[in-house]
Amino acid sequence: MGQLTIAEVKKKLNDPSTLTKKELQEYRADKRKGVQQLIRRYEAEMQKKAERKQQYEEMMSFERDQFRNGKTYIAGIDEAGRGPLAGPVVAAAVILPQDYYLEGLDDSKKLSLNKRENYFEQIKRDADCGVGIVTNEEIDQLNIYRATRLAMKRAVDSLHNNPEHLLIDAMELDKVSCTQTSLVKGDQRSVSIAAASVIAKVTRDRMMANIHEKYPMYHFNRNQGYGTKAHLDALASYGVSPVHRLTFAPVKERV
Numbered sequence: 001m002g003q004l005t006i007a008e009v010k011k012k013l014n015d016p017s018t019l020t021k022k023e024l025q026e027y028r029a030d031k032r033k034g035v036q037q038l039i040r041r042y043e044a045e046m047q048k049k050a051e052r053k054q055q056y057e058e059m060m061s062f063e064r065d066q067f068r069n070g071k072t073y074i075a076g077i078d079e080a081g082r083g084p085l086a087g088p089v090v091a092a093a094v095i096l097p098q099d100y101y102l103e104g105l106d107d108s109k110k111l112s113l114n115k116r117e118n119y120f121e122q123i124k125r126d127a128d129c130g131v132g133i134v135t136n137e138e139i140d141q142l143n144i145y146r147a148t149r150l151a152m153k154r155a156v157d158s159l160h161n162n163p164e165h166l167l168i169d170a171m172e173l174d175k176v177s178c179t180q181t182s183l184v185k186g187d188q189r190s191v192s193i194a195a196a197s198v199i200a201k202v203t204r205d206r207m208m209a210n211i212h213e214k215y216p217m218y219h220f221n222r223n224q225g226y227g228t229k230a231h232l233d234a235l236a237s238y239g240v241s242p243v244h245r246l247t248f249a250p251v252k253e254r255v
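The sequence shown finishes on residue 255 if you use UniProt numbering, and the numbering steps up by one all the way, no holes.
It is worth saying that the hints were derived from the structure and are not from the lab. Errors might be hidden in some of the hints.
BS3-like, lysine-lysine: derived pairs with alpha carbons at most 27 angstroms apart [to be verified]:
1) Lys33 to Lys21
2) Lys33 to Lys53
3) Lys124 to Lys153
4) Lys31 to Lys53
5) Lys71 to Lys12
6) Lys71 to Lys115
7) Lys252 to Lys229
8) Lys110 to Lys229
9) Lys71 to Lys185
10) Lys115 to Lys53
11) Lys115 to Lys49
12) Lys214 to Lys175
13) Lys71 to Lys124
14) Lys10 to Lys31
15) Lys185 to Lys214
16) Lys153 to Lys49
17) Lys71 to Lys11
18) Lys124 to Lys48
19) Lys175 to Lys110
20) Lys31 to Lys109
21) Lys22 to Lys115
22) Lys31 to Lys21
23) Lys71 to Lys48
24) Lys115 to Lys11
25) Lys21 to Lys11
26) Lys185 to Lys109
27) Lys53 to Lys21
28) Lys153 to Lys48
29) Lys22 to Lys10
30) Lys110 to Lys31
31) Lys71 to Lys22
32) Lys71 to Lys175
Quick caveat: nothing in here was measured; it's all calculated off a predicted structure.
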């Protein structure tokens with residue numbers, strides 16, 4: 001069999017699952033400049049994959065502690081939308097399968113829009129996901145701290161399985177029937193909380209995009225209800241909408 005073309009080598013390296021050790025050794029020994037460039041690119045990508053795997057393993061430590069304690073259903077919980085001037089606060093609870101691996105999963109704020117959307121669909125397919133929503137009216141009645149806890153409780157209650165332990169981003173819940181751990185910056189330290197952060201953020205962003213269709217002057221599809229200059233200018237021009245949080249400054253000043 002003759003020597004592969006550079007294009008054929010590239011195709012082989014782009015599918016590592018079919019690549020044998022013998023083939024890799026042959027490509028490394030190939031003196032063609034194009035093949036050597038492909039090998040350097042391939043090995044750089046393998047290094048990145050190894051680093052992402054290592055990060056994921058480190059972010060599994062809290063889940064593994066609970067697995068060693070004999071627990072199976074470990075729910076990560078996070079929220080989106082505590083700070084905006086409008087719209088709901090949304091929480092998500094996610095129970096990942098024990099041997100689950102989703103390469104590159106991280107705090108949703110660190111992910112590109114495209115990656116968040118892709119991870120959202122995959123997590124929804126593969127995991128037990130619950131979502132809790134608290135409206136802007138409820139936020140005004142309760143205050144944002146209590147509203148966030150309520151959203152998290154609703155997310156837990158909407159899970160298919162009853163969790164045996166909760167990993168919560170910087171919060172503790174009352175009246176839950178299982179143990180819990182509050183983790184500061186939990187979306188960067190636990191894969192379950194990171195998964196929940198993706199579900200919560202994408203769910204809320206989509207809700208705000210839908211609300212934008214009704215109130216386009218506030219640009220909710222771009223600012224998600226946060227107090228950007230365009231949003232504040234729209235508040236000054238059009239006043240307060242039914243989805244604004246009336247107890248939040250500067251909305252409160254315009255009521």
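Okay, which hints does this one fail, numbers in order? 2, 4, 5, 6, 12, 15, 16, 17, 19, 20, 21, 23, 28, 30, 31
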